[in-house]
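**Student:** Residues per chain are reported as follows:
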Amino acid sequence: MTLDARVRAHRGGFAVDVALEAADRAVVAVLGPNGAGKTTLLHALAGLLRLDEGHVRVDGQAWAEGRLHLEPARRAVGLLAADHLLFPHLSARGNVAFGPRSRGASREAAHARAEAELAALGVRELAERRPGQLSHGQAQRVALARALATDPRLLLLDEPLSALDPSTRPQVRAGLAARLRDYDGVTVVVTHDPLDALTLADQLVFVEDGAVVQVGPPSEVVARPRTPYVAHVVGLNLFAGTAPDGTRVETGVGPVVTGGHEHRGASWVSFAPTAVALYPQEPHGSTRNVWPARVVAVELAGQSARVRLDVGGEALLAEVTAGSVATLRLQPGSRLWAGVKATEVTAYPS
Amino acid sequence: MTLDARVRAHRGGFAVDVALEAADRAVVAVLGPNGAGKTTLLHALAGLLRLDEGHVRVDGQAWAEGRLHLEPARRAVGLLAADHLLFPHLSARGNVAFGPRSRGASREAAHARAEAELAALGVRELAERRPGQLSHGQAQRVALARALATDPRLLLLDEPLSALDPSTRPQVRAGLAARLRDYDGVTVVVTHDPLDALTLADQLVFVEDGAVVQVGPPSEVVARPRTPYVAHVVGLNLFAGTAPDGTRVETGVGPVVTGGHEHRGASWVSFAPTAVALYPQEPHGSTRNVWPARVVAVELAGQSARVRLDVGGEALLAEVTAGSVATLRLQPGSRLWAGVKATEVTAYPS
Amino acid sequence: MLGLLARTDWGALGTHLRAPVVWPAIRLSVLTTLVTVALCFVLGTPLAWLLSRARGAVATWLRALMTVPVVLPPVVGGVALLMAFGRRGVVGRPVFEAFGVSLPFTPTAVVLAQLFVSMPFFVLAVEGAMRSVDERYDAVAATLGASPLRIFTRVALPLAGPGILSGAALAWARALGEFGATITFAGNFAGTTQTAPLAVYVALQNDPQAAIALSLAMLLVSLLVLGLLRGRWLR
Amino acid sequence: MLGLLARTDWGALGTHLRAPVVWPAIRLSVLTTLVTVALCFVLGTPLAWLLSRARGAVATWLRALMTVPVVLPPVVGGVALLMAFGRRGVVGRPVFEAFGVSLPFTPTAVVLAQLFVSMPFFVLAVEGAMRSVDERYDAVAATLGASPLRIFTRVALPLAGPGILSGAALAWARALGEFGATITFAGNFAGTTQTAPLAVYVALQNDPQAAIALSLAMLLVSLLVLGLLRGRWLR
Amino acid sequence: ACSPATSEDTGASGTGSAGSGGTVTVLAAASLTEPLTALAEAYEQDHDGVRVALSFGSSTTLAQQIAEGAPVDVYASAGESALDLLPADAAQDGGRATIARNTVEIATPPDNPGGVAGLQDLADRDLDVVLCAETVPCGKAADEVLERAGISPHVVSREVDVKATLTKVTLGEADAAMVYHSDVVSAGSDVTGVEIPDADNVTLTYPLLWFSTDPDVVGFAQYVTGDAGRAALEKAGFLAP
Ligand SMILES: Nc1ncnc2c1ncn2[C@@H]1O[C@H](COP(=O)(O)OP(=O)(O)OP(=O)(O)O)[C@@H](O)[C@H]1O
Ligand SMILES: Nc1ncnc2c1ncn2[C@@H]1O[C@H](COP(=O)(O)OP(=O)(O)OP(=O)(O)O)[C@@H](O)[C@H]1O
Ligand code: MOO
Ligand SMILES: [Mg+2]
Ligand SMILES: [Mg+2]
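Chains as they are written, first to last, in the numbering used here: chain A, 1 to 350; chain B, 1 to 350; chain C, 1 to 235; chain D, 1 to 235; chain E, 1 to 241.
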């Protein structure tokens, strides 16, 4: 099963124009800032929104093209909406069985299927409950089960894991990943969590302001982000600049010495927050790139800390141990020096 | 302003029994697995749910106690519900201005306030939109603005940041943290994100199955988790055991040598995933705690990787660089050795 | 109401209610109105759903057209029915000539008259309720593969439940009180087409006290039916 | 309807509509029904809201009680009104003795009669719609400090908008068609209390063609009003 | 018990009960409810196997129903005007007779608060007077009486039928109403009647039409027009024809 879509559609004054291609069994993750048009894209694929132009073809069969517009019920899609929209008058089991029943399964078969889907997501014991009697995270899992239960050719998941607690989430994510690998159809999953995207997807599509800004397999996107947003999500520092030669890139924070690169001209440079070292005084040593910096914010996460810095007006992220925060007495407003070794810096043409 | 609450309440067959105390300007984060009763607790504090027993006192004034039950409108609370529930017939500005207007502000004052709140959350340009014309993350910010706009004495936030994209989230979180520090009232925030909790809260309350399992300031909880769930959330490995002397604790994975401890008897031992080193062969060196392990899952997150291991039936989490994953050719099923230095291991009585 | 109660001759109430026409009339009323409500539900609910989901001028005018029988004085409605379904009527004549059956002056005509006046109340009330139901549930059901019929029966219908019950109560009450169209279209034959309101009318001709007694009996029946049904089915 | 149209003497229509009683009757009908609907809205909406949010036996029986005027044959309703507000009525007598005013035979009585019969339709339809509105919005508004009054006006009312319009259309149509209670309570005097249905009925007694012409005029008015209002206010 | 389908082409279709063996279908003016119900019961007792089905309504509605093909064997109207609505040849297979007369009378509440003693008193502008509508028989009759006497009373309402007119008086809402003598009689102590001299009065006749030659139909028609009928009608306040 393959997906070949070029979606041009609008909601009010907002327009998306996104091309998506996916091979059999592929999982595509769509990421992007709030309001970028991810949900709009899913709705257009599901048929809830008409295309202004373009096409949606699944397995070579046109679902939308020109004046053709198959109604949602006639597309083999499964949609998990961000605000789960479980039917309030049906039990969890009834909700999950609704899809199979609608597509012709017998009552017994549909119920058995529903039980199985609920069990796989760890909410079997809630089968009799009405949505009003479920917690947020429980409801989300029931909604996910409902979307999975129809064996759609195109599975559309809008923030499927956002309400799950941190111990449930990895389990559900792993289960879903295994499921999607075996599942004979195309999945498009919208998520804000890079971990979801990296775990589930073969391909990442970043959307900003209705348009695709970067596409690629996870490894490539992680290594070479092409917009500040993508860099942020994959957890890298990114600066735009120009490479006059094979060792330096001129950027907004001054020249950045790199590990060496082939190209010349317009260029991105990136490096990991963990590669950024912090010094109370200007260091003198092997570190080639050193900038005076001001601490904007310090976030403690478990045993490490993310320090947001301001370097001559540009944002720089550093990740250090929780211990260093105390040692360096880091707090918003502190002034210090940040350094990155040239070998940690990658440059690539933009 | 202080909060003193002992909430015993039920929804259907589910009961919570939670005591909360918070001083002036305190921010309490409530964490716990899906279905633990966090939302139920907030609803009881807001007055949407009657107490079966206990009390809610704010600033010494009883809101609920015995047969007394102030209606929500008569409590000075601000509630952000998990499914934001913006009024569909009002614009974003109308939604935010609703609270101030209800509490007696003039139309102009309420609108000015709404504009300010929306601007602070970066959604000022959406002021004229109806909720149906907002994206999920935009709607969540409008709902947050609505809850903040009433200057409540008790601010209740249920997963306030869950729909925000990764670049917006830190900004909103930092803004909220600053705001709550200055804000003269008590905040109770429910979240699944430890970063939210650590950034925003003075006190963490972990709830499991309707009851409190651990309370304390972030630093203490992070250092000394007391349930596997808490350990998971703060990103530590945790084992229960018994300390026969001041150097070892007998646990499910065998004796664990610690950095030294005073107590004897029932004990927790914990250590960070980053403290776990992985070796292809059994290492011989200074590392005192070494176990044979099997890889269960590998999750790449940006530039680092979390490796879930199985050590004699117990779960162990290791965090290594993305590079090591390739070098060690880690994949589910790989067998290897995991080691932790004694100095990285903390033990404390349970 | 209070006025009515205050002026009732309570002593004679029992006597009046034992009059031979009373119970057949009430029985007929109950039977025909139940059939009417059932028909309202079967025919009216789909129509209400279509109206609630339809846009554009056609729906708007169809909706306005639905109110015609409400606006029309019932007696005129009865005349219209007679002209349509009477033995000489537009529809009635060919049917009579072909099959030899004629509707007016039968219990079926009573039901038809009641349907004519009460259907609009049902449809408009249910439509209002269905429009207050979130349309996104329709959309979700559609992506799950539900046909429009299934969306209607499994989603719209249960979600509009309270509204449908209100509508049914309204239509039932209206049918129960229906007088003008019935007496004109179905006649006023005791036992066959004389419903309770018609019996009240006849009684009013010579004994107002008897009429009041009968009205009270009707009210009692309706209060009991509605009170009990609602008590059972709604919270 | 079709029957009615098929038998209309179109040629004579114009003549009938120029009869002197026609326009005063239609004007009176339009005026009184508008007042009635306004009163329904003002009095009925809060009642509907209370009913929709109330639980327990009281609400159940109150709801059933609301259907009384629907079930009661309108003529009996008119008698009840007379007994309450007439010159000799429970309420009417003290008022008449104190102030010398009496309601029957005035346009006010027309409005009262219409209110009596149409209010239940309004209340029950609106209640059904309000019950289909998510109660969690009430709760959110309450936590934002809104008083019950404010929740009602700013949340329940707009959210139940379509249902309220349906209810108002229903009540208006019912008031427009109201006959029995009006004639009994307010009487039938051209220009003062003779509404369109009364004029139709009176005409029906000796010239059915004239009655039909008048009915058609009424229908036209109602279709126009409802069609245009709905066209404007709803999608 | 009715004539065969010959009446199909009469326009009055007097065969409503064709095939319903032994049933006489009677459509009668509402004002005749009491006497005709009593007569029908008595007739059924005397004639085994015969059933008299009665339907009461406004004379014009009934005439309209007959014109639209309603099943009918016997029709009793208040006044002659409704007969205009019947097809011209309606009763050609049956017959016609006058069964009663009625005269106009003033009705006041029992205590007669307006002190009405005769027709002339209705000229008092302080009295609230209620009449039947211009289009119904009792209204036409009242108008005629008033016109002849040259009186234009203060009319507050023109009711659609005579019972509604009477109700306004029994409830004390009006000080006087002009109704039929029979209505004053049947209302008993609820009203006080003030008679109008024959010279100033007009008379309403009650025609009875039957539409077939069926023996049961003709038998019932004769029973109503005969002595038993006259007695019952007189008891209800109607005058002999
Ligand atoms: N009716 C409308 N008129 C104008 N703009 C609209 C309308 N409906 C939606 N939008 C805008 O369309 C954009 C895309 O919305 P969409 O829900 O697709 O975003 P998203 O990428 O899913 O965001 P999120 O991550 O917050 O869910 C948003 O900026 C939203 O404000
Ligand atoms: N009517 C009911 N009957 C029985 N159990 C109920 C009912 N309503 C809620 N529950 C249960 O109460 C528990 C607590 O729900 P609550 O919404 O407070 O959880 P939560 O901690 O907020 O979870 P989440 O993180 O998923 O939002 C859940 O396990 C839920 O299934
Ligand atoms: O039969 Mo009537 O009631 O005088 O018109
Ligand atoms: Mg979205
Ligand atoms: Mg919750």
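Please keep in mind that the hints were generated in silico from the structure rather than gathered at the bench. Just to be clear, a hint being listed does not mean it is correct.
[To be verified] Simulated coverage check for chain E against chain C, where a stretch passes if three residues somewhere in it have a Cβ under 8 Å from a Cβ of chain C:
#1 81-89
#2 133-141
[Claimed, not checked] Okay, the calculated beta carbon distance ranges per label pair:
#3 A/13 with C/108: 37 to 45 Å
#4 D/58 with B/228: 47 to 55 Å
#5 E/197 with D/99: 35 to 43 Å
Backbone N, C-alpha and C fix where the C-beta goes; we use that ideal spot for every residue, glycine too.
**Student:** Take the hints in turn and mark each one as holding or not.
**Tutor:** These are the hints, each one checked on the structure:
1. Counting residues of the stretch 81-89 of chain E whose beta-carbon sits less than 8 Å from any beta-carbon of chain C gives 0, not enough to reach three: the coverage restraint is violated.
2. Note: the stretch 133-141 of chain E has 0 residues with beta-carbon separation from chain C under 8 Å; the three-residue rule is not met and the coverage is violated.
3. As the Cβ distance of residue 13 of chain A to residue 108 of chain C is approximately 57 Å, the hint placing it in 37 to 45 Å is violated.
4. Between residue 58 of chain D and residue 228 of chain B the beta carbons are some 52 Å apart, a value that agrees with the proposed interval 47 to 55 Å.
5. The supplied range of 35 to 43 Å is met by residue 197 of chain E and residue 99 of chain D, whose beta-carbon atoms lie about 39 Å from each other.
The structure shown violates the earlier hints numbered 1, 2, 3.
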